[in-house]
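**Q** These protein sequence lines map, in sequence, to chains Y and C.
Using the numbering used here, you'd call the opening residue of the first sequence number 1 and step up by one each time.
Using the numbering used here, you'd call the opening residue of the second sequence number 1 and step up by one each time.
Be aware that a few hints might be false.
Because identical chains cannot be distinguished in the list, a pair is counted as satisfied if it fits within a single copy or across any two copies.
What the hints assert, rightly or not - In silico DSS-like pairs for lysine-lysine, Cα to Cα no more than 25 Å straight-line: (1) K69 to K5; (2) K38 to K156; (3) K143 to K59; (4) K69 to K225; (5) K69 to K150.
Hints were generated in silico from the structure; no laboratory data involved.
2 protein chains.
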Amino acid sequence: MASKKAIVLFSGGLDSTTVLAKALSENYDVTALTIDYKQRHMYELEASRKILVKYPDVKHIIFKIDLAKIGGSALTDEKINVPLTESTGIPPTYVPARNIIFLSIACSYAEKLDINNIFIGVNSIDYSGYPDCRPEFIESFQKMVNLGTKYGVEQKGIKIHTPLIRMSKSEIIKYGTALNVDYSMTVSCYSLNSIGQACGVCDACRFRKKGFLEANIDDPTIYKKN
Amino acid sequence: MASKKAIVLFSGGLDSTTVLAKALSENYDVTALTIDYKQRHMYELEASRKILVKYPDVKHIIFKIDLAKIGGSALTDEKINVPLTESTGIPPTYVPARNIIFLSIACSYAEKLDINNIFIGVNSIDYSGYPDCRPEFIESFQKMVNLGTKYGVEQKGIKIHTPLIRMSKSEIIKYGTALNVDYSMTVSCYSLNSIGQACGVCDACRFRKKGFLEANIDDPTIYKKN
């Protein structure tokens, strides 16, 4: 029975790939959990598969939940546009209760698979202001899950790891580069075009571009020409 | 814009049908949310549809999530038997993180549909010891969801209502009977046979039988002859 096992919530994006590399560098036996939530950017799933080719020891679970049926976000409802300029407040790319649902599914797997550690690549510095990326949410979720699960009651406990939560995007990129993350494989853009080019202007692209610039590392992303 | 709207997590069982009747008696505009989680007792879904025929003003959403893919419970994995005698500890009918996942989905809908109230029929008196039915879990979930959602941050807040949490099964039955709940339509048994008869011996049947007995109300359940 391995004592250090972890589930990594893994979208195939820059942050979660960095977290995956970090968990592996700490010798966790990793199960990568990718949620297919019928997101607009379904190429995330493809990216997650391609990235894991480099990490053959990682088990990969793809779990489907149709959040497009609920909608309410530019990422799950094609009638809502992805903003292409900076805005104030929580942007329309916020998906109602997404990280709560994702972490809940991860906790269900953690109990089933006897895994105490869950890693998630949330970040509250270079981010879109999503409430479910903030430290106070994660701390509260951690308490809740250990009251509401068999693991909690049996005092094994589930630990939510958020190694990136207080890092800037450039710090994340430097950190991942040192761990040999191939960022050319990761996808951030909310609005990739049909030939796989990032828009360069959505929130996710802007944070990514700024991160590479500030890290003084070449940005391998292919952006479309405007 | 109706000011009193509620989502009721509605399985078609005794408790959630009572909660539905209670929310309606308090003049909530009710959306019943039934989760099809590939549970062993899929007749729950059929019961939920039949019961709602009596409540034509209630909107009904059936949301699918395949918890059988995760497994780890007698209710989602046919290889695990439903216990037919009383046991100690959390029984194998516990579904890993089930109410956390259900409430998370309800919260996602609440945000999308601009609904502040969620009702759930959890009970911590005549129950199987599931950690996700206890008041301390619900209180913690309530805090968490108001830190992790747009609703929370915008200070509208989501309120989780658990009107049955400290009632005995007989109190629930008396309460629902006064609200004209037709318990003959509701399904509790974890192990119904192919002609729709309750086993009479699983945890859910035992609590139900005891409840009707103590309430001194005729039990309309059809139990199989042993």
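**Q** When no copy is named, should K143 and K59 be tagged within, between, both, or neither for a Cα gap of at most 25 Å?
**A** For K143 and K59, neither the intra-copy (27 Å) nor the inter-copy (33 Å) Cα distance is at most 25 Å.
**Q** Regarding K69 and K150, is the shortest C-alpha distance of 25 Å or less found within a copy, between copies, in both, or in neither?
**A** This pair counts as between: shortest inter-copy Cα distance 19 Å, intra-copy 30 Å.
**Q** I want to check one pair: K38 and K156. Are their C-alpha atoms no more than 25 Å apart within a copy, between two copies, both, or neither?
**A** Cα proximity of K38 and K156: none, with 33 Å in one copy and 28 Å across.
**Q** Check K69 against K225 for me: Cα-Cα at most 25 Å, and say if that holds within a copy, between copies, both or neither.
**A** neither (34 Å within a copy, 43 Å between copies)
**Q** For K69 vs K5, is the C-alpha pair at or below 25 Å within one copy, between two copies, both, or neither?
**A** This pair counts as between: shortest inter-copy Cα distance 20 Å, intra-copy 33 Å.
The structure fails to meet hints 2, 3, 4 from the earlier list, while all remaining hints are met.
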